[in-house]
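Here are the chains, one letter per residue:
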Amino acid sequence: MASSTSPPHPASEAIPPTNTTTTIATTTTTKPCAKCRSQPGTLDSRGQLVCPSCFQKFISQKCIKQIGLLNKDVRSSSSQSLSAYHSTQKNSGPPQSSSRRYFLGLSLGPSSAALLELLNENVEYQVSRKKNPPFELSVVHREREREKVEECVKRLAGRYPRFEFRVVYLEEVVGLGSVDWEGLGLGDFATASSSTTENDATTTTSTTASKLRRLFDNLPSTTSRTDLLRLFTRHLLIAEACKPPNKCHALLLGSSTTALAELTLSETAKGRGFSLPWQINDGVLGVPSFSSSPTSSSARPANSSPTSSHTNKPKAKTSEDQGILIYHPLRDALRKELVTFTKLAGEPTPIAELLPETDLTTTAAVVSHKDLSIEEVMVRYFADVEENYPSIVANVARTTGKLMRLFGGGGADGVEGVGGDASEDDEERLCGLCSMPLDEFGDERWKGELGEDSYRDAAVTVEDEGEKKMTKTTKQRICYGCERSIRV
Amino acid sequence: MAPALCAICKTERANIKRPKNHARVCKGCFLTLFEEEVHHTIVSSKLFYPGERVAIGASGGKDSTVLASVLKTLNERYNYGLDLVLLSIDEGIKGYRDDSLETVKRNAVQYDMPLKIVGYDELYGWTMDQVVQTIGKKGNCTYCGVFRRQALDRGAKMLDIKHVVTGHNADDVAETILMNLLRGDMGRLARSTNIVTGDASSDVKRSKPLKYAYEKEIVMYAYHKKLDYFSTECIYSPEAFRGTARGLIKQLERIRPSAILDILRSGEDMARLVPGESASSCGCKGKSKTPAATATEDDGGIGGCGSSGAAGGNEMAVMEKQLRENEAAEGLEVDVSKLSLAGTPAESETDGAVPLKMNKNSKPVTRQTLGNCKRCGYMSSQEICQACTLLEGLNKNRAQIQI
Numbered sequence: 001m002a003s004s005t006s007p008p009h010p011a012s013e014a015i016p017p018t019n020t021t022t023t024i025a026t027t028t029t030t031k032p033c034a035k036c037r038s039q040p041g042t043l044d045s046r047g048q049l050v051c052p053s054c055f056q057k058f059i060s061q062k063c064i065k066q067i068g069l070l071n072k073d074v075r076s077s078s079s080q081s082l083s084a085y086h087s088t089q090k091n092s093g094p095p096q097s098s099s100r101r102y103f104l105g106l107s108l109g110p111s112s113a114a115l116l117e118l119l120n121e122n123v124e125y126q127v128s129r130k131k132n133p134p135f136e137l138s139v140v141h142r143e144r145e146r147e148k149v150e151e152c153v154k155r156l157a158g159r160y161p162r163f164e165f166r167v168v169y170l171e172e173v174v175g176l177g178s179v180d181w182e183g184l185g186l187g188d189f190a191t192a193s194s195s196t197t198e199n200d201a202t203t204t205t206s207t208t209a210s211k212l213r214r215l216f217d218n219l220p221s222t223t224s225r226t227d228l229l230r231l232f233t234r235h236l237l238i239a240e241a242c243k244p245p246n247k248c249h250a251l252l253l254g255s256s257t258t259a260l261a262e263l264t265l266s267e268t269a270k271g272r273g274f275s276l277p278w279q280i281n282d283g284v285l286g287v288p289s290f291s292s293s294p295t296s297s298s299a300r301p302a303n304s305s306p307t308s309s310h311t312n313k314p315k316a317k318t319s320e321d322q323g324i325l326i327y328h329p330l331r332d333a334l335r336k337e338l339v340t341f342t343k344l345a346g347e348p349t350p351i352a353e354l355l356p357e358t359d360l361t362t363t364a365a366v367v368s369h370k371d372l373s374i375e376e377v378m379v380r381y382f383a384d385v386e387e388n389y390p391s392i393v394a395n396v397a398r399t400t401g402k403l404m405r406l407f408g409g410g411g412a413d414g415v416e417g418v419g420g421d422a423s424e425d426d427e428e429r430l431c432g433l434c435s436m437p438l439d440e441f442g443d444e445r446w447k448g449e450l451g452e453d454s455y456r457d458a459a460v461t462v463e464d465e466g467e468k469k470m471t472k473t474t475k476q477r478i479c480y481g482c483e484r485s486i487r488v
Numbered sequence: 001m002a003p004a005l006c007a008i009c010k011t012e013r014a015n016i017k018r019p020k021n022h023a024r025v026c027k028g029c030f031l032t033l034f035e036e037e038v039h040h041t042i043v044s045s046k047l048f049y050p051g052e053r054v055a056i057g058a059s060g061g062k063d064s065t066v067l068a069s070v071l072k073t074l075n076e077r078y079n080y081g082l083d084l085v086l087l088s089i090d091e092g093i094k095g096y097r098d099d100s101l102e103t104v105k106r107n108a109v110q111y112d113m114p115l116k117i118v119g120y121d122e123l124y125g126w127t128m129d130q131v132v133q134t135i136g137k138k139g140n141c142t143y144c145g146v147f148r149r150q151a152l153d154r155g156a157k158m159l160d161i162k163h164v165v166t167g168h169n170a171d172d173v174a175e176t177i178l179m180n181l182l183r184g185d186m187g188r189l190a191r192s193t194n195i196v197t198g199d200a201s202s203d204v205k206r207s208k209p210l211k212y213a214y215e216k217e218i219v220m221y222a223y224h225k226k227l228d229y230f231s232t233e234c235i236y237s238p239e240a241f242r243g244t245a246r247g248l249i250k251q252l253e254r255i256r257p258s259a260i261l262d263i264l265r266s267g268e269d270m271a272r273l274v275p276g277e278s279a280s281s282c283g284c285k286g287k288s289k290t291p292a293a294t295a296t297e298d299d300g301g302i303g304g305c306g307s308s309g310a311a312g313g314n315e316m317a318v319m320e321k322q323l324r325e326n327e328a329a330e331g332l333e334v335d336v337s338k339l340s341l342a343g344t345p346a347e348s349e350t351d352g353a354v355p356l357k358m359n360k361n362s363k364p365v366t367r368q369t370l371g372n373c374k375r376c377g378y379m380s381s382q383e384i385c386q387a388c389t390l391l392e393g394l395n396k397n398r399a400q401i402q403i
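Order-wise, the sequence lines are chains A and B.
Using the UniProt record's numbering, the letters of the first sequence correspond one by one to residues 1 to 488.
Using the UniProt record's numbering, the letters of the second sequence correspond one by one to residues 1 to 403.
Take these hints with a grain of salt, some might be off.
Said to hold, decoys possible - Sample of chain B residues lacking proximity to chain A, with all beta carbon distances greater than 12 Å (derived):
| hint | residue |
| --- | --- |
| 1 | G51 |
| 2 | A108 |
| 3 | V109 |
| 4 | Q110 |
| 5 | D121 |
| 6 | G125 |
| 7 | M158 |
| 8 | L159 |
| 9 | L181 |
| 10 | R183 |
| 11 | D185 |
| 12 | K216 |
| 13 | S231 |
| 14 | R375 |
To be verified - Derived list of chain B stretches under chain A, where covered just means 3 residues or more per stretch with a C-beta under 8 Å from a C-beta of chain A:
| hint | segment |
| --- | --- |
| 15 | 67-80 |
| 16 | 263-272 |
| 17 | 314-322 |
Stated by the list, open to error - Facing chain B, a subset of chain A residues (Cβ under 8 Å, in silico):
| hint | residue |
| --- | --- |
| 18 | N246 |
| 19 | R272 |
| 20 | Y389 |
| 21 | Y480 |
Hints listed in this document are in silico derivations from the structure and should not be mistaken for laboratory results.
Glycine is no exception: its CB is placed at the ideal position from the N, C-alpha and C atoms.
Can you build the whole structure from these sequences, using the hints too?
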């Protein structure tokens with residue numbers, strides 16, 4: 001069952017038999033596929049009727065285009081500023097240009113599952129042509145429902161034996177050095193994970209989990225919880241991808257066009273417009289290290305007062321070394337297309353059948369609209385727009401991509417070039433929660449324009465003591481959007 | 001149950017929950033807070049200079065009425081030394097403007113301010129009712145917005161006034177930001193967040209002192225101040241992008257009250273990230289073109305949504321079609337890159353340059369240069385300004401009908 005006999009390369013004509021029969025039944029009324037003209041067109045693809053095989057080809061072309069760019073990027077960057085990758089890869093022998101190691105974040109939703117299938121197709125295709133596999137891939141899952149997830153990952157591991165699967169649990173975020181726990185007023189989160197490896201692992205894990213649950217319960221809103229969950233998941237993925245000795249060359253995320261459009265609008269609504277270019281575009285992202293743990297060789301000294309971290313060069317260097325290339329290979333495919341794709345693609349059964357029955361990435365019907373998160377509002381909105389105006393969805397993500405990455409504090413002359421240049425990381429300070437560059441110029445101006453004090457005072461009165469303390473300690477170490485998430 | 005006390009004065013009963021941050025305050029403190037926040041905006045953005053003559057774009061709606069009231073209060077309280085004038089546009093919409101103009105006339109008396117009313121018919125030879133008769137209800141908001149934008153400026157010129165303030169509130173600006181993101185219009189996104197539009201070279205400067213004021217708070221202020229305003233929305237309602245953006249804003253506000261301000265913050269920050277735009281959020285430098293994205297007066301519903309709206313019909317459908325055509329044209333490009341990867345995994349591009357990923361899908365953001373309309377002399381980025389172009393179409397139709 002593991003590896004299919006015929007390489008399902010992009011041009012594969014494989015159509016599940018059930019699908020063929022239904023197609024034949026309706027042939028009399030359907031037009032031929034707008035692309036191949038030989039098969040009946042049964043699927044609507046951006047205004048054209050196409051056959052399932054052409055549809056799959058279309059999706060896989062969109063993906064391959066991005067993977068091609070990624071491969072080029074990895075090749076050129078590994079010869080330049082990111083040579084650090086090779087120095088950390090001592091165990092994997094001499095650096096070979098052909099052995100790239102990618103890391104895929106798998107949520108078990110349709111988009112990331114589609115990406116898994118597409119990458120597998122690509123690898124199998126290359127192998128079938130007697131070429132070296134173009135890359136190795138590790139896959140990680142972000143946990144929701146433990147048993148279902150483990151079961152599902154087992155099924156996927158059987159289907160894709162070339163890839164290595166790992167399941168990462170949310171509580172592993174506790175203790176990660178990329179989060180400024182102390183700055184968040186959560187000093188006791190900074191060290192917890194080191195003790196999980198000790199003998200009483202189970203008890204420690206449960207206390208870590210309950211600590212985390214308490215943190216989430218105390219957040220002010222569903223939006224805040226959703227936001228923090230997303231950020232923690234991201235931290236985990238990046239941490240796993242960067243884990244020595246097998247640091248990966250890139251982290252791949254399955255975000256569809258629709259997901260990127262949702263992200264654009266929800267991050268805008270959460271006050272994170274400034275960091276959108278880092279979130280939406282592909283490229284190298286700096287990974288901060290706030291950890292004072294001696295085990296991390298490159299960690300900066302433990303003096304983490306805001307003033308010292310501002311001019312702390314060693315820290316900046318750390319973030320450069322720990323930069324990671326993040327790519328969204330499915331950025332040109334719509335979510336609904338990927339859902340269709342997972343129902344068509346895969347040998348011997350469509351990949352959709354391996355996924356959990358209920359999509360774990362979306363929540364069920366909501367009782368109160370007030371309890372929706374901002375993210376959910378956007379998901380619903382774009383599901384609607386995607387149906388009738390798919391190109392408008394695509395246009396949102398594309399034009400947001402035109403925004404420049406601007407480094408914090410630079411003001412007018414801080415207009416730096418476009419992404420991917422890791423050497424620019426020297427000057428940026430990163431948010432202690434979301435790891436995005438801090439925008440000191442914007443913060444300053446905003447305070448001026450809004451008379452920040454008056455409205456903050458008013459806001460504080462509706463908060464309880466604990467949160468007030470949080471506000472004080474987190475000032476200027478996290479970005480505007482993160483402050484909103486954990487404060488109001 | 002003991003009534004909660006106002007968070008500010010701690011003496012009065014807190015009978016108001018501020019929509020902006022849910023702070024509980026008393027009526028008196030709310031009114032003062034609201035005024036002080038507008039004052040802060042005015043001072044920090046250096047909107048006025050002593051002795052300046054300022055026209056308030058007055059529609060009789062809540063926003064412009066509150067703006068007039070607050071400006072009068074602050075002008076007296078802080079000795080701005082402003083010479084305030086009410087400027088109204090009569091679009092010629094029966095059942096909408098007739099009544100609201102009566103409101104403005106009463107406001108003029110209440111606030112002791114001079115009032116100037118400029119009609120579309122005298123400026124363009126067309127009332128909005130006549131426009132709707134000719135082109136139908138769809139797309140007419142474009143006409144209205146384009147015409148009014150010029151009308152305010154022309155009216156100000158007639159009065160020899162160089163500064164018009166409008167009642168745009170935070171919801172309007174947030175709406176415009178989301179709308180431009182949805183439309184993928186980065187140029188307008190950059191301009192729409194400015195509190196001041198129009199530059200030194202243009203005749204009339206525009207500003208929106210209520211930029212940070214929530215619509216709900218404006219309504220509250222008008223209510224508690226017992227202001228006399230006209231509350232009917234325009235009978236030719238907005239459509240497509242603006243409508244959809246407005247719906248989103250309302251939903252977001254319900255979930256997280258700060259969302260409107262957060263969108264403004266995002267929008268201002270993103271404006272600095274648009275290639276070719278200056279880093280300042282103040283519009284006095286390098287901003288070409290007339291305040292295109294700030295066309296709406298008052299209720300903000302009538303979007304002078306500009307280019308795409310001019311096509312009439314459903315804005316979103318038109319744009320969808322256009323985008324699909326572009327995509328079809330780019331089809332070949334996709335195939336080429338696919339071939340280069342599938343066929344030859346080791347491409348020959350070894351120039352070592354880090355690819356400029358940011359731009360791989362992008363066309364440069366179009367920049368506009370300021371000129372003057374050849375027909376009416378009004379400033380425009382085109383040879384013929386939008387208003388004259390629209391008029392040309394209208395007049396052609398009228399000629400045919402007469403034949």
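Consistency of the hints with the structure:
{"no.": "1", "hint": "G51", "result": "25 Å, holds"}
{"no.": "2", "hint": "A108", "result": "31 Å, holds"}
{"no.": "3", "hint": "V109", "result": "33 Å, holds"}
{"no.": "4", "hint": "Q110", "result": "29 Å, holds"}
{"no.": "5", "hint": "D121", "result": "37 Å, holds"}
{"no.": "6", "hint": "G125", "result": "36 Å, holds"}
{"no.": "7", "hint": "M158", "result": "33 Å, holds"}
{"no.": "8", "hint": "L159", "result": "29 Å, holds"}
{"no.": "9", "hint": "L181", "result": "6 Å, violated"}
{"no.": "10", "hint": "R183", "result": "8 Å, violated"}
{"no.": "11", "hint": "D185", "result": "8 Å, violated"}
{"no.": "12", "hint": "K216", "result": "15 Å, holds"}
{"no.": "13", "hint": "S231", "result": "26 Å, holds"}
{"no.": "14", "hint": "R375", "result": "32 Å, holds"}
{"no.": "15", "hint": "67-80", "result": "violated (count 0)"}
{"no.": "16", "hint": "263-272", "result": "holds (count 8)"}
{"no.": "17", "hint": "314-322", "result": "holds (count 4)"}
{"no.": "18", "hint": "N246", "result": "22 Å, violated"}
{"no.": "19", "hint": "R272", "result": "7 Å, holds"}
{"no.": "20", "hint": "Y389", "result": "4 Å, holds"}
{"no.": "21", "hint": "Y480", "result": "6 Å, holds"}
In terms of the numbered hints stated before, the structure departs from hints 9, 10, 11, 15, 18, listed from lowest to highest.
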